[in-house]
Amino acid sequence: MNQSAPDTLERASDDETYYLNMGPQHPSMHGVLRLLLHLRGEKILDCEPVIGYAHRAHEKMAENRSYIMFIPNTSRVDYLSGMIYNIGFCQAIEKMVGIEVPARAEVIRVIVCELNRIQSHLLWLGTFMLDLGGVTPFLYCFDDREEILTILDRVTGSRLTYAYGRFGGVTMDVDDVFIEQSRAFLVRLRERFLMYHALIRENVIFQERCRGVGVISEEIALKYGVTGPSLRASGVEYDVRRAEPYGGYERFDFEIPTEKAGDCLARFDVRVREMEQSCRIIEQGLTALPDGPIGPKKLIKKLKPPKGEFYFAVESARGHFGMYILSDGSDTPAKIKLRTPSFSSLSSMPDVLRGTMVADTIAIVGSIDLVIPEIDR
Amino acid sequence: MPRTFLDIFGNPLLALGAGIGGVMTVLSLNTLFCIWFERKVSAWIQRRMGPMEVGFHGTLQTVADMIKLLGKQLITPRGVDKPLYHLAPLMVFAPVVAAASLLPFSKTVVLTNINIGLVLIFMFGGFAVIGIFMAGWGSNNKYALLGAMRSIAQNISYEIPLILSALPIVLLISAKGPMYEIEGEMIAINGMNLAHITAVQADTGVWFVLLQPVAMLIFFIAILAETNRAPFDIPEAESELVAGFHTEYSGMRFGLFFFAEYSNMLIGSMLATVLFFGGWDGPILPGPVWFFLKAYLLIFAMMWIRWTFPRLRFDQLMTFCWGALIPLSIVNLLVTAFLIKVL
Amino acid sequence: MSGPPTLDLRGKILETGESDYAVDGFHHRYSAGADQVVAIAEAFRASGYFLEMLTCEDRRADLHKMRLVYTFNRFATADRHLVLVELAPEIPGAEAPSIAHVLPAADWYEREVFDMYGVRFSGHPNLKRILLPDDVDFHALLKDFGRIEDAPDAAQPNSESPRDTSE
Amino acid sequence: MSYFTTIAGGLKSLVTGLGITARQMRRKPVTLTYPHVKPELSEAYRSLISLVQFEELETHDCIACMQCVKICPSFCIEIDGGRVEGIKRMRASKFEVDFALCSMCGLCIDVCPTDTLEYTKLYDEAGYEREWVYDLLDPFRDFEDEFVERQRVSDAREAAEKAAKRAAAAEAKAATEKEPEVDP
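Protein chains in written order, with our numbering: chain Y, 1 to 377; chain D, 1001 to 1343; chain U, 2001 to 2167; chain H, 3001 to 3184.
No lab work stands behind these hints: they were computed from the structure. Just so you know, not all the hints are guaranteed correct.
Derived SDA-like pairs: lysine to any residue, alpha-carbon spacing no greater than 25 Å straight-line [unchecked claim]:
#	chain 1	residue 1	chain 2	residue 2
1	U	Lys2143	Y	Ala57
2	D	Lys1176	D	Ile1187
3	H	Lys3028	Y	Leu189
4	Y	Lys297	H	Cys3065
5	Y	Lys301	Y	Gly329
6	U	Lys2143	Y	Leu189
7	U	Lys2065	Y	Leu326
8	Y	Lys298	H	Met3090
9	H	Lys3121	Y	Arg76
10	U	Lys2128	Y	Pro24
11	H	Lys3028	D	Gly1058
12	Y	Lys307	U	Arg2060
13	H	Lys3038	D	Arg1039
14	D	Lys1040	H	Pro3039
15	Y	Lys301	H	Pro3039
16	Y	Lys43	D	Ile1156
17	Y	Lys302	H	Glu3078
18	Y	Lys307	Y	Glu100
19	H	Lys3121	Y	Asp173
20	Y	Lys60	U	Lys2065
21	H	Lys3038	Y	Asp46
22	H	Lys3012	Y	Lys95
23	D	Lys1142	Y	Asp46
24	Y	Lys302	H	Gln3067
25	Y	Lys302	H	Ser3103
26	Y	Lys307	U	Thr2016
27	U	Lys2143	Y	Glu63
28	Y	Lys95	U	Lys2128
29	H	Lys3121	Y	Glu63
30	H	Lys3038	D	Ile1156
Model the full structure from these sequences, guided by the hints.
Here's what the structure looks like:
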């Protein structure tokens, strides 16, 4: 079950080599990714990801509307961690312009972002199992995820594309029911973790499929700028929440889980442990939720940002999400570049996939948690 | 000993017609039921409801689906190898009907009573591979070809533990012979006659699962692999190969593949019932009822397994077969032979 | 937070700009010429930095230049370097050396910049469009492409009184 | 020996998995049969927008200030309106929203100075053409004349009251101003 090292493979274009277009319409390409595989038998000689099928020109749109009008776009860049992107964008603009955020709004933001992170990881867990052929855990995960969506739906009015953040705060306040629901959910989720552990992590077939498969070494991660859980599974303790604390994360006590192996199993472990850490953060947030306003009294519509270049990064469910904003002093950004984590992760795939088998491709691409619209923007 | 259809009808053509009619009816009903049942089992496991709309708790859903499939256009993609492409569903389907006619479903009446029934069933099982490869090659589709390749390697490999784990039963039966008394009637007993295997279990009251638990387990796993059921469903691994060897099939041709898959499940479970669970043997209820009850319990187990586990990778599947199942079944066979000789 | 010493590039860089991490998120800010890009990338690679982002700006309106924006960062402690590289304003015509062979992460970023801005990277192994279809004939993020006034019947985003017919 | 322990361990994990799914099998389903059983929409549910009917006005209160038009990221709102003869309040005469473009972000509702926009609870609406334009004023057209009439009366009254007040104030002021003259 060992894979031959990539360097033992000769990349030949003889009669034995053939090409397989995996995607853009394929059950496990998570949207519209296309992998052009060079195969010999079931062994992958080379892989060329082809992207752009879900390109929606968010960066162009940003240049044609004011800062506040870009808010709804942000949660559509990555629809799975829409809250983190949405609030991350607001935080970037707040830092740029210098808007104060009330303490209550800050804590609410942390709570909803972490809920969103758990939601995203749960969906990843489900689809990863689906890629490996286990359909049932997928539906269990969706059952849990549904709870989060219901909780977030109550406070944001939307289930996926939240548009919850506003400059200087959030749109709606949370109430006691939200706190109660969140606490109940954490209790439930911790029970479910035990079940997932027994059903998935302990399963011998799952371990066989994941152990030693798709190793992203620290070297590859550094070369391609892979971030997020995929990087932490390779033993690098890099998390934007810790490296460049933002939005009050420095006041919360949480660990950054890391694993050494860098394979699919390590990525699985890192994500599951990250969900546990998110639970801790939410708990602390719910306990320490201060009273007070949740934003400025009047919606801040018109901004007067200083001229110049700005960079702001947040930790999305998939890694380092950076926003490079060029301001010309007007209410419309001169340029916004969205540096998305999946883009970097996917660009490392040719190096990782070389020498594996078709079935591994699915497992590896599934394990790095790609969201295609986020890559294409 | 049971009467065959030939004994009952006298005329071989009449017997053949009645046999095919009977088998087709049973297999069709089985497919209709199994698809519904599979959807229901998966729904129960996943805490959904499954089909609920057509008929009571969706019982008629598969009938509706079948009608839909019948009404669908049969698409023949450009570039397929037409003879192979058209023939493949039949080649997958025909051996199933033949194999089904060999199983002794009751004490008194069977379709056929052949002394080499066990061998024939394995042979018909081996036939299906040819159909699958024809489908994969004829489709001119890389996913289909990969699926077919996987299927051949898998089916050929898993036939070995399948047969090796059935052999101890043959030994056990043959050890009772050459003549054996069943209900006051002395017969020349044959280890490969399925009716005899059942009869001996019923007569001694000891099902072979008690004597051969390891063989039972290996046999069951091999049946899972032979019928391309999860966790060994790599020939049609949905998340990898789209639909494997039947990617390019539509309408009723696709339906025939489905039909064959569920019929194979039934035949596999029935064979396991005959070999290890005493066939029609059971108290109170009539023989056929017990026979089908046991078979469907095994089918339920197969579904339960499918909806619990992820899929193995291709090379792991082969390693598992050659590294675990075959050595184990050989050891089991040797131990059985040794014990029969000693005791 | 202490960490490994920060990389000093002052010897290699033309100009060091002012930056304040607390305000704009950059620890260091440099301007460089296109010919220095590869040497800079090699220096960052050798010190264990990764290419965080590479993009381009269409500054033909104010600076009369195209400008490449590189940011490098490292995993250990945040140390973000912004490197701005000014290029000729002609599209097509603006060109910079590729750093994809030094930092493979740049491969896709450079393709994206080429796709969106038309800036060519010499020595890039596979310089073709990445997000837009291969057969389009425009570079989407250039300022003179697809301005909102060009769009038929679209509301003006920033005009003070859009279609106020009350008067 | 490790060969057999591996197999045994693997089997045990598989049996554990089967046990878990068996336990789940006995539980009630968590899904709803959607068209028959409808899930409750949350209070905050963001859907298509509509105009609020204020009780004290008996109609909407859109003053055609164009704030929502300016902030709409989808550029899907079109408003006409302005001063109506005889009343102080500005009134909208057209409030067209192209719901095919609307992304239900809620910015218009946040920005509305009179709070006259709200979300409906329509969750299964669909457009069948590229343009799917509703005039949100349509349900209010019948009330408009009545409202304007009422408003005119109340405005007139208010104006009269104000004028009276002003007159009174002026009188009082005049009185206070006059007083010193009277006093000496």
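Status of each hint after checking the structure:
{"no.": "1", "hint": "U/Lys2143 <-> Y/Ala57", "result": "holds, 14 Å"}
{"no.": "2", "hint": "D/Lys1176 <-> D/Ile1187", "result": "holds, 11 Å"}
{"no.": "3", "hint": "H/Lys3028 <-> Y/Leu189", "result": "holds, 18 Å"}
{"no.": "4", "hint": "Y/Lys297 <-> H/Cys3065", "result": "holds, 19 Å"}
{"no.": "5", "hint": "Y/Lys301 <-> Y/Gly329", "result": "holds, 15 Å"}
{"no.": "6", "hint": "U/Lys2143 <-> Y/Leu189", "result": "violated, 49 Å"}
{"no.": "7", "hint": "U/Lys2065 <-> Y/Leu326", "result": "holds, 15 Å"}
{"no.": "8", "hint": "Y/Lys298 <-> H/Met3090", "result": "holds, 22 Å"}
{"no.": "9", "hint": "H/Lys3121 <-> Y/Arg76", "result": "holds, 22 Å"}
{"no.": "10", "hint": "U/Lys2128 <-> Y/Pro24", "result": "holds, 19 Å"}
{"no.": "11", "hint": "H/Lys3028 <-> D/Gly1058", "result": "holds, 18 Å"}
{"no.": "12", "hint": "Y/Lys307 <-> U/Arg2060", "result": "holds, 16 Å"}
{"no.": "13", "hint": "H/Lys3038 <-> D/Arg1039", "result": "holds, 23 Å"}
{"no.": "14", "hint": "D/Lys1040 <-> H/Pro3039", "result": "holds, 23 Å"}
{"no.": "15", "hint": "Y/Lys301 <-> H/Pro3039", "result": "violated, 35 Å"}
{"no.": "16", "hint": "Y/Lys43 <-> D/Ile1156", "result": "holds, 21 Å"}
{"no.": "17", "hint": "Y/Lys302 <-> H/Glu3078", "result": "holds, 21 Å"}
{"no.": "18", "hint": "Y/Lys307 <-> Y/Glu100", "result": "holds, 20 Å"}
{"no.": "19", "hint": "H/Lys3121 <-> Y/Asp173", "result": "holds, 20 Å"}
{"no.": "20", "hint": "Y/Lys60 <-> U/Lys2065", "result": "holds, 19 Å"}
{"no.": "21", "hint": "H/Lys3038 <-> Y/Asp46", "result": "violated, 49 Å"}
{"no.": "22", "hint": "H/Lys3012 <-> Y/Lys95", "result": "violated, 54 Å"}
{"no.": "23", "hint": "D/Lys1142 <-> Y/Asp46", "result": "holds, 17 Å"}
{"no.": "24", "hint": "Y/Lys302 <-> H/Gln3067", "result": "holds, 12 Å"}
{"no.": "25", "hint": "Y/Lys302 <-> H/Ser3103", "result": "holds, 21 Å"}
{"no.": "26", "hint": "Y/Lys307 <-> U/Thr2016", "result": "holds, 18 Å"}
{"no.": "27", "hint": "U/Lys2143 <-> Y/Glu63", "result": "holds, 9 Å"}
{"no.": "28", "hint": "Y/Lys95 <-> U/Lys2128", "result": "violated, 36 Å"}
{"no.": "29", "hint": "H/Lys3121 <-> Y/Glu63", "result": "violated, 33 Å"}
{"no.": "30", "hint": "H/Lys3038 <-> D/Ile1156", "result": "violated, 51 Å"}
The structure shown violates the earlier hints numbered 6, 15, 21, 22, 28, 29, 30.
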